[in-house]
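Novice: All chains, please: the whole structure from these sequences, using the hints.
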Amino acid sequence: MPRVAKIALVILGAAIGWLYFPPIGTKVELPDLEPLLEPPVSHGKPVFIMTADHVYYRVRLNEPVAPTFGSDYFEELLRRGIQFKEVTTSPHRLIQRRTGWAVAMAREKEKEPYTIEYWTARDGKTPWRPVQLRWPWLYVRLGRGILESKTAVLLPEKDAVALNPSVPRYPGSILRNAFRTREFVQLRFVARAQRKEILRYYAAHFEVQSADALSVWFTLPAEIAIPLSRPDNVHVGVWSYIYGDEPLVVYSAEDAAALESNMYPRQPVSLAELPDASLYVLHLRYPSEAEAKHVFPSLPSI
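Residues 9 to 310, numbered by the working numbering, are exactly what the sequence shown covers, in order.
The hints are simulated quantities; they were obtained by calculation from the structure and are not laboratory data. Errors might be hidden in some of the hints.
Here are the simulated lysine-lysine pairs, DSS-like style, with alpha carbons at most 30 angstroms apart [claimed, not checked]:
#	residue 1	residue 2
1	Lys133	Lys35
2	Lys93	Lys117
3	Lys119	Lys204
Pairwise CB distance ranges, derived in the manner of DEER restraints [what the hints assert, rightly or not]:
#	residue 1	residue 2	range
4	Val289	Lys119	32 to 38 angstroms
5	His291	Glu205	31 to 37 angstroms
6	Val55	Ala265	20 to 26 angstroms
7	Trp143	Arg293	57 to 63 angstroms
8	Arg238	Ala280	40 to 46 angstroms
9	Glu71	Ser269	23 to 29 angstroms
10	Ala212	Lys53	55 to 61 angstroms
All values reported here derive from a predicted model rather than from experimental measurement. The beta-carbon is built from N, C-alpha and C at its ideal position, and this holds for glycine as well.
Specialist: Here you go:
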């Protein structure tokens, strides 16, 4: 057999192997992820294959599809709110390049209190797109972090820690988390209100120093400032998302509805019944770290 024919045969064999031999690994059961990744055509029973570095979603398609189906399916996942994010080299490098992908998926778990279950994973070693069509097989490549889910209560029913009653908060809001960073204190509240209502409340009840579409800087009156040891800078900001855990972003219902069709990441579709609520952050700065710790001794320091 001529040498050229041998080389062609080797290349053909490698291509066939790449197309039709599944990744070598262990099958794992992830039934909660199946409906999130389900392709929009007739298909067989999907399987998840765990390798040393990845978890592959693999499903056999029961009908012919266009060569562009892989790209179309990837776009469909993005529209469903499966949040893929490129992992790149440092932005400070002269030439920035993609090194892999991070992914986040979420679904509603409970309505009262409103709780989500979510999965995040990072694959920093494989730069090409995580969806591949090897007809009749469809693959989605995910990081191994996808094996474990997390839960988060987006609308808690009580404060995470006890607070000084003099802290100025929007009526009915709940403290979800808080921390100190040297002389800075950050209190994160969830309120069943829209951004404009929260900002309007602070603008109406305190002496405003400055304001914009997202934040209000204000001065505390003496009856509030003295019990809080007179912080020298106070402002409140309302965020566009109500929960985040890189790379996951869960928008407030208000901001999710305002997303244009070409804007990503999108809100996970299973969170369509997320109540109208906002995450706002109250920032207080003290003259020293010791003063901040004295007023808020129970807050963790980061």
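Novice: Of the hints stated earlier, which fail here?
Specialist: 4, 5, 6
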